[in-house]
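Asker: Input sequences plus hints: build the corresponding full structure.
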Amino acid sequence: MIEKLSESVMDKVSIDFLRDQVLKNAYGNDDTPIAALDPRVLLLWYLFFGIVPWFLNDVVVLLGFFVLTVVTTRVARVAPLVLFVFAIGVLSQTGYTFVVSLFFEGNLDTLASLLVLTLKVATCSLASITVFSGLDPDRLSNGLLWFGVPERLSFSIAFAYRILPILMEELQNILLSYRLRGRAPAHDTLMGKIRWLIYQVKVVMMSFYPLMLNTAKRSRTTVEALELKGYRYASTNTKVLKIKLSSLRAGRREAIFVAASVAWVALCFVVSRIVGL
Amino acid sequence: MPANTGYTQSQKLMTFVLSMSLYGLATLISELIPSVQVGIVEFSVEFFLFIPLTLAMLFDPLSAALGAATGELVFSEIMLGQFGGIGELEKFLTVTIALYIAGTLVRDPRNMRTVAIVSLGCTALQLAMSAGVDICKVVFAVEEFEAVPGLPESVFFTEGFALANDLLFSGILFCMLPTMFLVPRLYGKIEPLLGMKPRTPQNAPEAPSAKLVIAAIACFVIAAAVACFAEAGFTLFEWEAEWAESESAVFAGIAVAAVVAIVAAFWARRNAQLKAA
Chain A
1 MIEKLSESVM DKVSIDFLRD QVLKNAYGND DTPIAALDPR VLLLWYLFFG IVPWFLNDVV
61 VLLGFFVLTV VTTRVARVAP LVLFVFAIGV LSQTGYTFVV SLFFEGNLDT LASLLVLTLK
121 VATCSLASIT VFSGLDPDRL SNGLLWFGVP ERLSFSIAFA YRILPILMEE LQNILLSYRL
181 RGRAPAHDTL MGKIRWLIYQ VKVVMMSFYP LMLNTAKRSR TTVEALELKG YRYASTNTKV
241 LKIKLSSLRA GRREAIFVAA SVAWVALCFV VSRIVGL
Chain W
1001 MPANTGYTQS QKLMTFVLSM SLYGLATLIS ELIPSVQVGI VEFSVEFFLF IPLTLAMLFD
1061 PLSAALGAAT GELVFSEIML GQFGGIGELE KFLTVTIALY IAGTLVRDPR NMRTVAIVSL
1121 GCTALQLAMS AGVDICKVVF AVEEFEAVPG LPESVFFTEG FALANDLLFS GILFCMLPTM
1181 FLVPRLYGKI EPLLGMKPRT PQNAPEAPSA KLVIAAIACF VIAAAVACFA EAGFTLFEWE
1241 AEWAESESAV FAGIAVAAVV AIVAAFWARR NAQLKAA
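Sequence lines, in order, name chains A and W.
Sequential numbering from 1 applies to the first sequence in our numbering.
Sequential numbering from 1001 applies to the second sequence in our numbering.
Simulated from the structure, these hints should not be mistaken for lab results.
The structure presented is a predicted model; accordingly, all values stated were derived computationally and were not measured.
Possibly wrong hints are sitting among the right ones.
[Unchecked claim] Output of the computed footprint for chain W on chain A, the stretches with three or more beta carbons under 8 Å from beta carbons of chain W:
1. 139-152
2. 220-229
3. 239-245
[To be verified] Calculated lysine to aspartate or glutamate pairs in the EDC-like style (CA-CA distance at most 20 Å, straight line):
4. K217(A) <-> E169(A)
5. K202(A) <-> E1031(W)
6. K1189(W) <-> D1134(W)
7. K1012(W) <-> D38(A)
8. K24(A) <-> E1031(W)
9. K24(A) <-> D136(A)
10. K1275(W) <-> D38(A)
11. K229(A) <-> E151(A)
12. K1197(W) <-> D136(A)
13. K1012(W) <-> E224(A)
14. K244(A) <-> D109(A)
15. K217(A) <-> E1191(W)
16. K242(A) <-> E169(A)
17. K239(A) <-> E227(A)
18. K239(A) <-> E169(A)
19. K202(A) <-> E170(A)
20. K244(A) <-> E151(A)
21. K217(A) <-> E227(A)
22. K1012(W) <-> E151(A)
23. K242(A) <-> E151(A)
24. K242(A) <-> D38(A)
25. K217(A) <-> D188(A)
26. K1197(W) <-> D1108(W)
Heads up, the beta-carbon is just placed ideally off N, CA and C, and yes, glycines get one too.
Answerer: Now the structure itself:
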């Protein structure tokens, strides 16, 4: 039973699956209402929901914020894998700390204060998932560039999405060729299982050796191609920036989005005032 | 050009791109692979720090360090939507500082003893910095931290335990040994691919000057303070029951108006700036 389960999990978590999920997350949801919004407005929206929850201790308001970010995440149609990673992260952190605090005479009060913390963390993470996963990477990096974020960061974002599938495929090929050439130790006994685990870890570590050499060649090609186009001068030149960022437009749709968010936040505060918590 | 600063701008960019893509890929994978937990001892392949560590020892340390931190930020935080806002600044700085210091300490990559000591020291430094910040965060985030039964002990315990576990397990197995495996094999092979000379004691980068170290520590302290403040939610915005009549409502209103005004002013200025170009 357990063997079957682990086998099916291992099937799902193949490198191909990861690659598909990441790509789907990046380019698969261009047609959502969130992706159509102006990236600058979304970044400002994120700044609000990424910072303000930390200053609040009102459970009703925090719950309201949380609900809003859940809705936007739903609208942005984020890939399930991302949500799964998020859920694991948030739950395991809280659960782990609570279980340990039980050993030190913790009680339900501990859980309550941990829950407030979890609510804050969850709201911020969901807001970031909405913005950073819901947006096309090119639009995201343009938005960041508009705010004057260092060119290297916005370049890194756009570059990362393009290089990632290639790198993953290469890593997988190297891993497969190691597997073809080597012979994994039998893993029926406990000792064998440990030996098998060590073998697997060693293979992953060793595969980085050829990968590093290949990536070094590739990064040289990339940088030379960038230099040919005058990348380092273009990144500091406002004329180039103007052309690059001329596609950004904030209009009626953005106004509606901002107005709806502001109205919801105001409503949260009013409700919390009425409930009087 | 003096012999000891023999890296050109494009070589620095190559190192940055190389370190960013490799470490980004590694952190993305380690983020997605669930960790194996035996009791409370966590066996996770969390630490792929050996990759940028190797690069920092072979190439320009600052570019490799910045590249690794950016790669982690972009691949495993932004791509997966795990971007934690201000909190990420602290991780970014700890990784950069630890790698940069480690990279400058190795004058000759062929000396295996220095490589071993520095790689373990780098891990220890990074872990100690982040554990310290984590403890501060929880202390500030939860009001009346001391009053919540069992919380302080459990936080200190989990953090301390995680630190020891990570250092012994990840530090030696996943950081020191792979670095000792990779550095001598890559030395002299990977540098020509980027058009550079291998590092020798004669052309090694300058050790960080006292000024730089002080600046780095100051940066880190500020980042830690900001992270703590953000989570402390300093009592400027106390949404107490009588907020509608009290002064705090007026202050909050002024703060909101100020933020809106600043954003609007920045927006207008940036638009004008781009239009004028």
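Asker: Each hint: holds or not?
Answerer: For each hint, the structure was consulted:
1. 139-152: holds (count 5)
2. 220-229: With 6 residues closer than 8 Å to chain W, the region 220-229 of chain A meets the three-residue bar; holds.
3. 239-245: holds (count 4)
4. K217(A) <-> E169(A): holds, 16 Å
5. K202(A) <-> E1031(W): holds, 19 Å
6. K1189(W) <-> D1134(W): The hint is violated at about 40 Å.
7. K1012(W) <-> D38(A): violated, 34 Å
8. K24(A) <-> E1031(W): Cα-Cα ~18 Å, so holds.
9. K24(A) <-> D136(A): holds, 11 Å
10. K1275(W) <-> D38(A): Holds. K1275(W) to D38(A) sits at ~18 Å (cutoff 20 Å).
11. K229(A) <-> E151(A): It holds: about 15 Å lies between the C-alpha atoms, which stays within 20 Å.
12. K1197(W) <-> D136(A): violated, 40 Å
13. K1012(W) <-> E224(A): Cα-Cα ~12 Å, so holds.
14. K244(A) <-> D109(A): violated, 53 Å
15. K217(A) <-> E1191(W): holds, 10 Å
16. K242(A) <-> E169(A): Violated. K242(A) to E169(A) sits at ~36 Å, over the 20 Å cutoff.
17. K239(A) <-> E227(A): holds, 18 Å
18. K239(A) <-> E169(A): violated, 38 Å
19. K202(A) <-> E170(A): Holds. K202(A) to E170(A) sits at ~18 Å (cutoff 20 Å).
20. K244(A) <-> E151(A): Distance of about 12 Å is within 20 Å: holds.
21. K217(A) <-> E227(A): holds, 15 Å
22. K1012(W) <-> E151(A): The hint holds at about 15 Å.
23. K242(A) <-> E151(A): holds, 14 Å
24. K242(A) <-> D38(A): OK: K242(A) and D38(A) at ~16 Å, within 20 Å.
25. K217(A) <-> D188(A): Violated: K217(A) and D188(A) sit about 41 Å apart, past 20 Å.
26. K1197(W) <-> D1108(W): holds, 13 Å
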